[in-house]
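Peer 1: Listed below are the residues making up each chain.
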Amino acid sequence: MAELRSPDSDTGPLIVLSGITLAFGPKLILQDLSFTIHRGSIFAIMGGSGCGKSTVLQSMIGLLRPGSGLIRVAGEDYWACGEERRAVIDRRFGVLFQGAALWSALTVGENVALPLQMFTKLSEAAIYRLVKFKLSLVGLDEAINLRPSELSGGMRKRAGLARALALDPDVLFFDEPSAGLDPITSRRLDDLILNLRDGLGATIVIVSHELPSLFAIADDGVFLDAETKTAIAHGSPSELRDTCRDRQVEAFMHRERVPEEAAVTL
Amino acid sequence: MAGYKGRLLDLFSALSANALPLLNLEWITPVLGSLPLIDCMVANEVRGQACQGRSRRSALSNGRIQGAWVISEGAQNTTARVDTVDDATTLKTHSNMAEAPLWELRPGGKHAALSVSGEWVALSGRIPEFSPDGLNKMVECETLAFTMTDVGRWDSGLIEFLWGAKQAAERNNITVNDTALPMAARKLLGLLGSGPPVTKAAKHQRRFILTFIGDRVMAILSDLGTLSVVFSATVKAGALAPFGRARVRTVDVLANLRDAGPSALLIVSVVNFLIGAILAFVGAAQLRKFAAGTYVANLVGLALVREMAPVMTAIVMAGRTGGAYAARIATMQGGEEIDALKVIGIPVVDYIILPANLSLVIMMPFLYLYGCLVGITGGLVVATTMLGITVSSYVHQTLTAVPLSQFEFGFVKSIAFAFLIGMTSCHIGLKAGRSSADVGISATQAVVVGIVGVIAMDAVFAVLANSIGI
Chain A
1 MAELRSPDSD TGPLIVLSGI TLAFGPKLIL QDLSFTIHRG SIFAIMGGSG
51 CGKSTVLQSM IGLLRPGSGL IRVAGEDYWA CGEERRAVID RRFGVLFQGA
101 ALWSALTVGE NVALPLQMFT KLSEAAIYRL VKFKLSLVGL DEAINLRPSE
151 LSGGMRKRAG LARALALDPD VLFFDEPSAG LDPITSRRLD DLILNLRDGL
201 GATIVIVSHE LPSLFAIADD GVFLDAETKT AIAHGSPSEL RDTCRDRQVE
251 AFMHRERVPE EAAVTL
Chain B
1 MAGYKGRLLD LFSALSANAL PLLNLEWITP VLGSLPLIDC MVANEVRGQA
51 CQGRSRRSAL SNGRIQGAWV ISEGAQNTTA RVDTVDDATT LKTHSNMAEA
101 PLWELRPGGK HAALSVSGEW VALSGRIPEF SPDGLNKMVE CETLAFTMTD
151 VGRWDSGLIE FLWGAKQAAE RNNITVNDTA LPMAARKLLG LLGSGPPVTK
201 AAKHQRRFIL TFIGDRVMAI LSDLGTLSVV FSATVKAGAL APFGRARVRT
251 VDVLANLRDA GPSALLIVSV VNFLIGAILA FVGAAQLRKF AAGTYVANLV
301 GLALVREMAP VMTAIVMAGR TGGAYAARIA TMQGGEEIDA LKVIGIPVVD
351 YIILPANLSL VIMMPFLYLY GCLVGITGGL VVATTMLGIT VSSYVHQTLT
401 AVPLSQFEFG FVKSIAFAFL IGMTSCHIGL KAGRSSADVG ISATQAVVVG
451 IVGVIAMDAV FAVLANSIGI
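Protein sequence lines correspond, in order, to chains A and B. This note's numbering numbers the first residue of the first sequence as 1 and each following residue consecutively. This note's numbering numbers the first residue of the second sequence as 1 and each following residue consecutively.
Since the hints were made in silico from the structure, they are not lab data. Model, not experiment: these values are computed from the prediction. Just so you know, not all the hints are guaranteed correct.
[As the list claims (entries may be wrong)] Reference listing, derived: stretches of chain B covered by chain A, where coverage requires no fewer than 3 residues with Cβ under 8 Å from a Cβ of chain A: (1) 110 to 116; (2) 153 to 161; (3) 456 to 465.
[Claimed, not checked] Subject to a maximum C-alpha distance of 27 Å in a straight line, what follows is the list of computed BS3-like cross-link-like pairs (lysine-lysine): (4) K132(A) x K121(A); (5) K187(B) x K132(A); (6) K110(B) x K236(B); (7) K27(A) x K229(A); (8) K431(B) x K236(B); (9) K137(B) x K132(A).
[Claimed, not checked] Have a look at the derived ranges for each label pair, beta carbon to beta carbon: (10) R91(A) x I362(B): 29 to 37 Å; (11) W103(A) x P262(B): 33 to 41 Å; (12) W103(A) x A100(B): 47 to 55 Å; (13) E150(A) x V460(B): 38 to 46 Å.
Ideal placement from N, C-alpha and C gives every residue a C-beta, glycine not left out.
Just chain B, same shape as in the assembly (with noise of 0.2 Å):
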């Protein structure tokens, strides 16, 4: 242990003479020169986190010294503190004989007092509470002085802990006299506790599963009220729109357009051709056990047109533009952007809803066909290379199996499901609140109710199409 002191001494001579000029550290000398050579003990530091012996080799051998150096003997702390940055930038020297936080409470009848010493910061973890209840007992104390002595460094750490005291004091009608106190420490305490009221958050009450289940059906039957009345004014401004009676402005229509069909291609073109290539895989696989190997071509495309491609492109759509749409309207919503529409008497529904519905719409069954078209691509690829079909009879077997209704059904859900994710994402997006985090979760809710809507409508064609024989 004496090796730290004779260490410690070197270092900072060190110091003094070569490597920060600039500090004065010849207190330090006597500092340690009063220290006994046993139970002396060396610690370092850092964050407020008491870290002994290692971490102080490791910041000497990386030639610079940072945070307190505290030489404890027994209970008393003297810390020498040695603010420097690096090997050259003093930001700041410090020194003090400061202890950690202590305080005491001195009854004295009327007249109590309390006093704090050692070193008050806050982020050092080593701020005592004053306990609510501290001055119950105190019945005759009319008056709490606080006092200072020897106080080192302090900072919002002190105000916080007199603070507490302060509360206490008023919880008993005793009046505190601070005049004692730094001006710095009287302004941060009669900062405190002012300012205008603030009403308190409504607490949470516990509600009975009825009043649960009634409040969520209430909200399921008004979302679809309002649903209703924008699917309606869509309707109603698609129909006016081409003789010029709606505020529809062709760049938006125009630029929707691009986003719901060009920019969609690439994805809508990996996912299908995998799909057909998937179910031309399936169907092989099992089609070949029974030498019908050529029938691979029936199944990819009557999979593809009626069911697949319709569902997929759907799905993909839902995700991609369907969150999209969400999330713009929502962003609006928080910026204010839609209050500003309705307050000029920009119809919303003919400004942001038409332009993007009418857009999907009318790509949404391009892209269906283009999805089929390359699907079927995918399963020939799949049946040329692992069957031996050749190209001219997988074509012919494709155009046999599926007839031109099965593309009229496709058509026909695929125009119902850019219907379902462009007034549902919309409208999720309208009814957002106003914050960032509302973003993300109308953007996740339009994209989980987009991909099961299309799910369960796909289910209701499928019903529809079996009962007229489809």
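Bound conformation, chain A alone (with noise of 0.2 Å):
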């Protein structure tokens, strides 16, 4: 099984992204993209509506195979080693979706009971006690029988990150965590993936616009611009904000409107 999660004092590349070029059929998306994740930190991938930044975080968890391009996992070429060797490393990803995808038909528990299920020889009453764990590291514990459908949204993003949490993941994914919450759920969940970077030492990925939650929990990131379909600042969002010069990623840090859309009127 591989070991992706951080020893102590490592904080060496864990996911490396080396000229990706990812596409939808003839519809190009991103063209020469490269950027590294190092262990143990909280990596934010940022840009505008429409850049890309879903459809990176989908070639890195297995769902979109880059058109070109080498992403390196631990050292291991992520989409060359093989169906079943891709297999076990996302075994070790944790990803919560940004509709939090829980199975609807199934209750929250057994959202987070599947996984265990399948990939560990864990008796019953221990799965249980884990799922209860990870219900309660997120706050809902007491919605253990509840269906997705039961839920408010803050609460299903929690559930999904439960899931997420299940089989101890060493990298957790999160796509858009905080759409769609208020503010208060929004900072909730941001403290939660600190305290969860924190005490489980997990390498943290998060696709987000929010620009709040950015600044409050990212130390690292990339900015990818739609035009150009590639990366045009790396940083953390605080260190953009403060320095980088170029006129899109100032615009997003600052909210301003770049100059082609001032002309435009509502």
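Two chains, two separate frames, one set of hints: put the complex together.
Peer 2: Right, here's the structure in full:
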């Protein structure tokens, strides 16, 4: 089993993207994209709507094969290592999808239990204890018997997070974790992400354009541009806000209009 | 047993020299050297399950090492962890002197201590549970201190155990002191039990049989009520549509017509051809006994035109199109598309139900007539090949035996079946829940209700036809 979690002192590269090109059929989404995610970091993939943030995430979690380029996970070529090996690596990943993607036919508890039932030989009692524990970590232990349709948006996100944590992943991917949440719930989720990183030692990758969240938790990142279809800035959100002089990045970080948009009247 | 030790030493020396130069395995030699030759056992831990002997050999023969190698001496376990993947990739090297997860509760009057040691990995399956009543006897205790001694690897398994102890302490009004724990463990423990309160799910209550029956009857009546409302709205919209007073888009009607008509031709052909052929087979076998083989055309013609073609075509359409309507509308329900229609002010009946029903009602009679033709052809093929009846005599016999009134009867039935399938499937789709499971449930319901409804309605038609002498 691949150990992707960082030993205490190791902050070396964990996921490295080199010259990635991503496309949906003939439609090019991103080209020549390169960046490095270090162990134990909270890495933000930033950019405006439609710049391909979620598409990059899909390529890192095995949902979309890059047209060209290389993705290395702990030094291993993720897309060339074969499906079986990729499945082993994927089991060390936890993913919180934008809409939580809970299985609606199952209760919240069953959602969290399913990965444990499929990939471990733990007894039902041990699985139940773990499920209660993971749900308690996200403050949802009382909702164990509820269906996803009975949960609010924030609760669904937390239940999705509990499911992502089921197998004690080494890398956690979040796709727009704060989307659709009120500021208080969003802030609570930010704190939870920070605590999980510090407590579990996991590496965290966040796709988001929620600036307050990004400033609060991310310590590294990349900024994607829809026009050039590649990364135009690297660094933590705070660094980019304070030091980056690119017009697109400045406008994004300071919520300003870019010159072309300024001419458009509503 | 002694051989294992030698092989292990060879293995680790080979690894450190050649295959895995990144690993520093020098520490393993003194560890192995300190073990007595006797009672030395090697086990390979895979996914938390200790499997001895053979797995080690197979790992070796594959030229790779993976997992934790446990060298046991009595109760003393020494774990040398060599995490490597395949031959070259090194993700992490980790070594420790860890044991199975152990815990010790040291009562000390007012101040007790809970000490943990060993390796605490959640998915190992070895994490003990702290009994909820574990602190009940410590009536004098005021504080419980958590301490970690010689703890190897740990993850959420340790936190889960400590959380159990913390809950037990809180139940006994004992204050927990976790300052001796690492900051990471304290942060995770701090998360537990926090978060907004959540309403508990209503407990399942036992109901009297009369209550159950009453609920079911009310649900059926309510269903019939809403169905009749939808039905009347659809009829009204259908009547207004030719005058341009209903918001029906031609493009929707055409798309539905294509789906309910030409797209269904193949399956209707196959089913009716086979039904006609089967009827001819069965009829021929019996009629030949009485030298009445030529009357097989009468049997096939009448049975198909009056009963089999309308019923079988309707059953095919209930399964194919009715199920699709219900699934489509239920999916729209889940995606809040129906809500969007209502909010914008587009009548659901005009936009969804009317085009679906209109297309079914228009296409079903044609499909019925087509089914009759194909079914009679199926009978013709069997009659000419098995009974030696000529094509012209079969056609003549059919035209003589099947009057136009039988076609009219079948025609009317197929229109009624179309309405039944369209209305029930759309209604079932509209009342579906909002989850993906509800889509499947509503599709199944639509098919079942459609098929049963068609057969039940056919029985009613049979009684009516008998009473009016058709």
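Peer 1: Given the hint that K110(B) pairs with K236(B), test it: the Cα-Cα distance must not exceed 27 Å.
Peer 2: violated, 82 Å
Peer 1: Given the hinted pair K27(A) and K229(A), is their alpha-carbon gap at most 27 Å?
Peer 2: Holds: K27(A) and K229(A) sit about 11 Å apart, inside 27 Å.
Peer 1: Has the given pair, K137(B) with K132(A), been kept, meaning a C-alpha gap of at most 27 Å?
Peer 2: Holds, at about 26 Å.
Peer 1: According to a criterion of three or more residues whose C-beta lies within less than 8 Å of a C-beta of chain A, is the region 153 to 161 of chain B covered?
Peer 2: holds (count 4)
Peer 1: Checking one constraint from the list: CA of K431(B) to CA of K236(B), max 27 Å. Satisfied?
Peer 2: At roughly 21 Å apart (the allowed maximum being 27 Å), K236(B) and K431(B) satisfy the hint.
Peer 1: R91(A) and I362(B), beta-carbon distance inside 29 to 37 Å?
Peer 2: Violated - the Cβ-Cβ distance for R91(A) and I362(B), about 53 Å, lies outside 29 to 37 Å.
Peer 1: If you draw a straight line from the CA of K132(A) to the CA of K121(A), is it 27 Å or shorter?
Peer 2: holds, 18 Å
Peer 1: CB of W103(A) to CB of P262(B), is that within 33 to 41 Å?
Peer 2: Distance hint for W103(A), P262(B) holds at roughly 37 Å.
Peer 1: Using the C-beta atoms of E150(A) and V460(B), is the stated range 38 to 46 Å upheld?
Peer 2: holds, 42 Å
Peer 1: Just to make sure I understand the rule, a stretch counts as covered if three or more of its residues have a C-beta closer than 8 Å to a C-beta of the chain. Does the region 110 to 116 of chain B meet that for chain A?
Peer 2: With 0 residues close enough to chain A, the hint is violated.
Peer 1: Given as covered by chain A, does the region 456 to 465 of chain B meet the bar of three residues or more with CB within less than 8 Å?
Peer 2: That given contact is violated, which follows from only 0 residues of the region 456 to 465 of chain B lying within Cβ reach (below 8 Å) of chain A.
Peer 1: Does the hinted range 47 to 55 Å hold for W103(A) and A100(B) at CB?
Peer 2: violated, 35 Å
Checked against the numbered hints given earlier, this structure breaks hints 1, 3, 6, 10, 12; the rest are met.
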